[in-house]
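Protein chains in written order, with our numbering: chain A, 1 to 111; chain B, 1001 to 1117.
Incorrect hints may appear among the rest.
What the hints assert, rightly or not - Cross-link-like lysine to aspartate or glutamate pairs, in silico, EDC-like; alpha carbons within 16 angstroms at most: (1) A:Lys-5 x B:Glu-1044; (2) B:Lys-1057 x B:Glu-1083; (3) A:Lys-71 x A:Asp-84; (4) A:Lys-37 x B:Glu-1110; (5) B:Lys-1011 x B:Glu-1068; (6) A:Lys-71 x A:Asp-24.
If you're looking for bench data, these hints aren't it; they were derived computationally from the structure.
Chain residues, written in single-letter form:
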Amino acid sequence: DQQVKQNSPSLSVQEGRISILNCDYTNSMFDYFLWYKKYPAEGPTFLISISSIKDKNEDGRFTVFLNKSAKHLSLHIVPSQPGDSAVYFCAACSTLGRLYFGRGTQLTVWP
Amino acid sequence: DTGVSQNPRHKITKRGQNVTFRCDPISEHNRLYWYRQTLGQGPEFLTYFQNEAQLEKSRLLSDRFSAERPKGSFSTLEIQRTEQGDSAMYLCASSLDPGRSNTGELFFGEGSRLTVL
């Protein structure tokens, strides 16, 4: 029961340009949506989140957009930097506090 | 360091052996979660605790798996009679009660990587 889906396993972007990572979900009862970043051999680290009652949240170079009618969210990184290269996981949070994760998108930012 | 701590970081074992992983959460967090991650997949929920009470277990958690949090602080995850399919990264995370968190964020440890030969 894949409730959170990331359909692009990889994305390659040139340094300085925008990276857009996409995520779809099926359960309209999720309260929060989060993005995590993961480097090899490390645990996921929190990047940014958005409440289900909002449609946009911005933090520096990172902006998350939520389209509830489409059950879709996206993470924009502008400008992209080589240090952003990592696996990005989309996650959704239920009222119980449990997170449901997508399969991740490997972002590669090249100079 | 006041983050989530897991040990051992790496464990190589032979099929059929038992292994135990330990997680020390952030001290003021009363929620503790165990997740498992395999190659090409996102973290998959295994179980979680509210203080010492285990409130939910995934169907992924077979009878060979047992988790405890005896005093509501650290937690252990034991796998008995390991199988090659148990090879994965086992992630622990902690959080405040959902009602006290305004982001839904879980704080993850660095994980314990299990390899079953």
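- Message: Going through the numbered hints above, which ones does this structure break? Give me the numbers in ascending order.
- Response: 2, 3 and 5
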